[in-house]
Amino acid sequence: VQLQASGGGLVQAGGSLRLSCAASGIIVSINVMGWYRQAPGKQRELVAAISHLDRTTYTDSLKDRFTISRDNAKNTVYLQIDSLKPEDTAVYYCAAARPGQTFDAGYWGQGTQVTVSS
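At position 1 of the sequence shown (counting the first as 1) the number is 12 in this note's numbering, and the numbers step up by one without a gap.
The hints are simulated quantities; they were obtained by calculation from the structure and are not laboratory data.
Heads up, a few of these hints could be off.
What the hints assert, rightly or not - Dumping the calculated EDC-like pairs for lysine to aspartate or glutamate here, alpha-carbon to alpha-carbon at most 20 angstroms: (1) Lys96 to Glu56; (2) Lys96 to Asp75; (3) Lys85 to Glu56; (4) Lys74 to Glu56; (5) Lys96 to Asp65; (6) Lys53 to Asp82; (7) Lys74 to Asp93; (8) Lys53 to Asp71.
Just need the whole structure built from these sequences, with the hints factored in.
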């Protein structure tokens, strides 16, 4: 299983980014896919997840600016981030889990760096 995250970069506050997670060896439509992030000196936190039943979950403080989606034909999951803030600076990781499995027991990508300048 490989999860290839991309789309990160350096952006100014107020801008937008769309992160992509291209999956191989796993079918995104029948598994639970998630995006986590880890800022320097902080614990990793769940940003958003989308289940095999198309149910989406967001961290409450982020749900207004973050949107998770997937393209089954491309076997890819996306994270749209709008109105970026400097505190969004982090490495963003894509994760996959079987239904009923935790992400910790699942698969992880290598991460993509998002840096937001003020």
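Each hint, compared with the structure:
Restraint check for Lys96 and Glu56: satisfied, since their Cα atoms lie roughly 16 angstroms apart, inside the 20 angstroms limit. For the hint linking Lys96 to Asp75, the alpha-carbon distance of about 13 angstroms falls within 20 angstroms, and the restraint holds. A C-alpha spacing of about 26 angstroms is found between Lys85 and Glu56, which places the hinted pair above 20 angstroms, so the restraint is violated. Taken as a hint, the Lys74 and Glu56 pair is honoured in the structure, with Cα atoms around 13 angstroms apart against an allowance of 20 angstroms.
Under the criterion of a C-alpha separation no larger than 20 angstroms, the hint pairing Lys96 with Asp65 is inconsistent with the structure, at around 28 angstroms. With a CA separation close to 31 angstroms, the supplied pair Lys53 and Asp82 exceeds the 20 angstroms bound. Distance hint between Lys74 and Asp93 is fulfilled; the C-alpha atoms sit about 10 angstroms from each other, no more than 20 angstroms. As the CA atoms of Lys53 and Asp71 are separated by approximately 18 angstroms, the hinted pair is consistent with the 20 angstroms bound.
Taken one by one, the earlier hints fail for this structure at numbers 3, 5, 6, listed in ascending order.
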